[in-house]
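Enquirer: As they're listed, the protein sequences go chains C and S.
Each step along the first sequence adds one to the number in numbering that gives the first Met the number 0, with nothing skipped, and position 270 is 269.
Each step along the second sequence adds one to the number in numbering that gives the first Met the number 0, with nothing skipped, and position 84 is 83.
Hints are not guaranteed to be accurate.
What the hints assert, rightly or not - Not the full set, but computed from the structure, chain C residues with beta-carbon under 7 angstroms of chain S:
(1) F403
(2) Q528
(3) A531
(4) M535
(5) A538
(6) R542
(7) G547
(8) D549
(9) A551
(10) N561
(11) Q563
(12) G662
Simulated from the structure, these hints should not be mistaken for lab results.
Cβ coordinates follow ideal geometry from the N, Cα and C atoms, glycine included.
Each chain is listed here by its residues.
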Amino acid sequence: MAATGSLGRSAARWPGSAQVLRRAVPISGQRVLTLTLAFGGAFSLLLGLVFHLYQSAEREGHQAAADVARTRLLEQCVIAAREELGPVLADVGYLRGDPDIHPLLENADEQAGARLTQEYVALLRHTGRYDEAYVVDADGRERVAVGTEDGRPLALGVGGRPGWRGQPSFSEALRLPEGHVYVSLSVSPQGRSRGAPATPPLQVATPLFGADRLVRGVLVLGYRGQRMLDRLGGLVGEGGALWLISRDGAWLMGPGRDGLGQGGWTGSQASRFAQAYPQAWEQMSRLTSGTVETGAQRVQFRRILPLSSDEGADAARPASLAGADYIWIAAVVSDQDAVRMRTQAAEPHEGLAYGVLASFSFAVAGALAFAYVRSRGLARALEQIVDNLPEFVAYVDADQRYRFNNLSYTKSLGIRPNQLYGRGVRDVLGAEAYERLQPQIRQALAGQRVSFDTRLNLGQGCPRDMSVSYIPDVTESGEVRGFYAVARDITELRAAERRERQRMLELAHVSRFASMGAMATEIAHEVNQPLAAIAMYSAACLRTLAKGGDTAVVTGWLTSINAQAKRVGEVVQRLRQFLQMGGAERAPIGMNEVVREVAGLASVEARAQDVDLLVDLAPELPAVLADRILLEQVVLNLVRNALDAVGQQTGPRRVVVQTRPAGEGVEVSVADNGPGVPAGLGRNVFDSFVSSKPGALGMGLAVSRSIVEAHEGGISYTNNPEGGSTFRFTLPSASV
Amino acid sequence: MTMPPGPMVYIVDDDAAVRESLSALLSSVDLRAQVYGSAEEFLAVADEVKRGCLLIDVRMPGMSGLELQRTLRERGFDLPVVVVTGHGDVPMAVRAMKAGAVDFIEKPFNEQELLERIQGCLKADAELQQVRQARDDAVGRIGQLTQREVEVMELLVAGKPSKLIASALGISEKTVDVHRFNVMRKTSTRSVAELVQLWALVRRG
Chain C
0 MAATGSLGRS AARWPGSAQV LRRAVPISGQ RVLTLTLAFG GAFSLLLGLV FHLYQSAERE
60 GHQAAADVAR TRLLEQCVIA AREELGPVLA DVGYLRGDPD IHPLLENADE QAGARLTQEY
120 VALLRHTGRY DEAYVVDADG RERVAVGTED GRPLALGVGG RPGWRGQPSF SEALRLPEGH
180 VYVSLSVSPQ GRSRGAPATP PLQVATPLFG ADRLVRGVLV LGYRGQRMLD RLGGLVGEGG
240 ALWLISRDGA WLMGPGRDGL GQGGWTGSQA SRFAQAYPQA WEQMSRLTSG TVETGAQRVQ
300 FRRILPLSSD EGADAARPAS LAGADYIWIA AVVSDQDAVR MRTQAAEPHE GLAYGVLASF
360 SFAVAGALAF AYVRSRGLAR ALEQIVDNLP EFVAYVDADQ RYRFNNLSYT KSLGIRPNQL
420 YGRGVRDVLG AEAYERLQPQ IRQALAGQRV SFDTRLNLGQ GCPRDMSVSY IPDVTESGEV
480 RGFYAVARDI TELRAAERRE RQRMLELAHV SRFASMGAMA TEIAHEVNQP LAAIAMYSAA
540 CLRTLAKGGD TAVVTGWLTS INAQAKRVGE VVQRLRQFLQ MGGAERAPIG MNEVVREVAG
600 LASVEARAQD VDLLVDLAPE LPAVLADRIL LEQVVLNLVR NALDAVGQQT GPRRVVVQTR
660 PAGEGVEVSV ADNGPGVPAG LGRNVFDSFV SSKPGALGMG LAVSRSIVEA HEGGISYTNN
720 PEGGSTFRFT LPSASV
Chain S
0 MTMPPGPMVY IVDDDAAVRE SLSALLSSVD LRAQVYGSAE EFLAVADEVK RGCLLIDVRM
60 PGMSGLELQR TLRERGFDLP VVVVTGHGDV PMAVRAMKAG AVDFIEKPFN EQELLERIQG
120 CLKADAELQQ VRQARDDAVG RIGQLTQREV EVMELLVAGK PSKLIASALG ISEKTVDVHR
180 FNVMRKTSTR SVAELVQLWA LVRRG
């Protein structure tokens with residue numbers, strides 16, 4: 000169980016040849032590490048650069064967004080201020096023209112004053128815009144006074160209080176031409192509202208003229224500043240802090256206690272802006288709008304233009320306003336650090352992201368380095384293998400120029416490895432060799448795989464036998480880009496084949512002499528018979544002639560002598576032919592002729608052993624490409640074996656030699672009616688030194704088999720059912 | 000076929016040229032020859048052959064020379080035989096000699112030698128012929144004897160006196176003497192010694 004388990008595992012460990020090759024590639028850990036560090040460092044640097052660019056772009060984006068937000072805030076601020084002050088101016092315009100004003104101021108009409116008081120209380124209650132409303136005569140005495148108590152308007156006692164003389168709202172307004180309005184530029188908390196004023200008041204005053212066009216008094220409205228503050232405060236958002244600065248550089252709305260945050264009325268801080276930001280103030284006092292950088296802060300400012308007292312007056316139209324052309328400066332202040340801090344707030348996350356990416360890039364670099372080292376190793380291994388192959392390997396492109404070659408290829412040409420690339424095939428191989436290879440090259444470039452043997456002289460002296468294969472390199476679209484040429488030098492192989500053939504010829508020759516030796520008795524008999532006849536005829540002639548005998552008889556004998564001499568000559572001639580050392584070349588020969596020749600030779604022995612040697616030849620037989628001498632030897636061996644086999648036989652002895660066409664070739668069979676091949680011998684009969692005959696060397700069938708196989712044929716035997724055995728061999732026909 | 004007078008040489012060889020040339024050679028020395036192509040052919044006429052000699056080729060298809068020789072010997076054929084062997088067939092020749100051949104000659108042969116062998120054989124045959132005739136004569140003479148006379152003669156030849164012969168055969172001495180007289184008369188012998196000689200001739204045949 001354990002044994003089979005481990006067997007299974009080891010089989011699974013070797014999945015395929017490609018895997019094995021990969022395993023053979025050495026991978027240096029140190030090199031992988033070095034490359035990983037190098038690649039990873041480079042990747043990280045690149046990533047860092049990209050990150051940096053991204054961050055600056057983001058920072059600039061933040062900046063631009065901050066600018067836009069600031070500008071929008073500023074505009075909203077101006078619009079809000081105008082919207083808020085518009086109704087105030089309209090109220091002023093309306094109240095100024097009240098018909099009760101003149102009776103009150105010119106005639107001291109108390110009734111009119113009471114009516115006005117009622118009216119103002121109603122105004123305060125309804126609009127909610129004002130904390131206070133006064134009518135002050137030219138002497139600074141209050142004629143109408145309405146205030147607020149706990150947020151509710153109420154009429155204050157009119158005591159003719161003279162306190163207004165030093166008030167800017169009074170004294171400035173008094174100097175204004177008709178229809179003009181004074182707005183207190185700074186918070187002036189001189190209101191007389193009882194209890195804590197809900198909001199810092201902002202006084203709006205306008206002169207009141209009598210029918211004689213002389214100034215009779217001033218109308219003062221205490222604008223509830225908190226409204227403005229609420230309105231503007233609601234605007235504060237992304238853009239930064241909204242400041243409102245008076246013309247003399249004091250904060251109306253400025254930094255809160257927590258720095259730039261939402262401000263409040265800061266009348267107590269008057270003139271501090273000009274001191275805190277002298278540079279900014281220097282610009283702001285000169286320009287109607289602009290942006291100033293002061294230290295870490297960016298201040299965008301815009302003047303809030305004066306407001307006309309006329310209802311529906313164009314906001315842009317300058318209105319004379321106490322000699323000034325603007326009321327306040329609205330400024331949006333944003334902290335550059337805030338932008339930076341917003342960017343920096345993302346930095347820990349970005350750092351983490353960068354860290355992850357850098358680690359990832361190192362991981363990728365590691366994989367890349369491993370793949371690189373392995374593929375280089377693989378390439379080196381393949382290069383080593385290809386370079387050390389005995390085969391010549393090259394790649395030739397469609398223009399028949401060399402694009403790749405191994406060491407063997409250039410070595411075979413006798414040039415250095417680097418001298419081949421880019422050169423033309425014709426140029427390298429020479430015109431003669433190229434002419435010979437051209438048809439195959441054309442085939443390969445037509446996309447056909449070609450294999451052929453050729454003999455080339457590649458400038459190395461003697462010509463070499465080559466076995467060449469051209470494998471076309473075809474793209475998926477069917478275009479032939481070139482072909483791989485794989486060639487092998489088979490000169491040695493061919494020489495070995497020739498030597499083997501020569502050796503076999505000699506063996507056959509020796510074997511032939513051996514069979515001649517074995518047949519010596521028969522041959523001697525064949526020669527002796529006519530010689531004996533000649534000797535006796537001639538002796539008879541001599542004796543008869545000596546006695547002067549009958550010439551007619553002698554002539555008859557001499558004729559016989561002649562015939563017998565010829566008979567000897569024929570025998571000798573046949574022997575000589577048979578023993579001749581054959582040429583090594585194969586030629587198309589007729590098997591019938593070979594059988595006839597051998598049968599003639601063997602008939603002597605057959606006759607001596609009283610064997611019927613029958614020959615049965617096919618009338619039509621294709622020629623075989625063979626060495627005649629060798630085939631004669633094969634047939635003779637088989638026939639002699641058959642004769643030996645039947646020689647031990649009592650009764651009729653028969654050997655039949657037959658030829659017949661068999662498939663694409665020729666079959667020759669030799670059948671006998673002897674005892675057959677002993678069962679114990681089996682296939683071994685064709686081995687050397689195996690014989691069933693006492694005193695035999697056992698070479699005949701072995702030699703026969705090697706001869707037949709050298710002719711691409713096969714030899715076999717069967718024991719006949721009626722007794723005896725049949726040996727047969729087949730040879731391919733010459734045309735195959 | 001009438002038997003011509005004089006010695007005859009019988010040639011048995013499967014090779015026509017060889018047997019014809021032998022025949023020619025013999026005719027050139029005024030010897031007569033009969034040729035046969037095979038052993039069987041000769042055996043068919045062997046009984047009529049009385050005088051001469053036989054030249055047999057050892058190597059023949061069908062019945063070989065040795066087999067022919069053995070067959071003839073079995074039939075009581077007593078003409079001298081020369082066996083012709085091929086080169087290297089010495090063991091076969093030795094067997095032929097043991098089987099009773101007079102001589103053997105190896106092919107190719109010197110014709111003088113061959114002729115001498117044949118002459119020798121014919122001479123032997125001629126001598127044999129006299130012996131043969133003497134024996135025939137003896138056989139003829141003894142053939143005239145009756146059964147009882149033969150019995151008496153065999154005892155006489157063995158050197159037994161008449162008295163012993165009479166007791167052996169259970170007859171009287173007188174009767175023995177009568178038979179003895181008749182034996183001597185029919186065989187034309189004058190003494191017992193002559194009778195012994197004659198009997199020896201018959202026995203040898």
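Enquirer: Run every hint past the structure and note whether it holds.
Expert: Hints and how they fare:
1. F403: 74 angstroms, violated
2. Q528: Holds - the Cβ of C:Q528 comes within 7 angstroms of chain S, reaching about 5 angstroms at its closest.
3. A531: Interface hint status for C:A531: holds (5 angstroms vs cutoff 7 angstroms).
4. M535: The hint holds - C:M535 has a Cβ within 7 angstroms of chain S, the shortest such distance being about 4 angstroms.
5. A538: Hint holds; C:A538 Cβ to chain S Cβ min 4 angstroms, cut 7 angstroms.
6. R542: Holds: closest Cβ of chain S sits about 4 angstroms from C:R542, inside 7 angstroms.
7. G547: 12 angstroms, violated
8. D549: Check failed: Cβ of C:D549 comes no nearer than 10 angstroms to chain S, outside 7 angstroms.
9. A551: 13 angstroms, violated
10. N561: 11 angstroms, violated
11. Q563: 5 angstroms, holds
12. G662: Hint violated; C:G662 Cβ to chain S Cβ min 39 angstroms, cut 7 angstroms.
In summary, the numbered hints that this structure violates are 1, 7, 8, 9, 10, 12.
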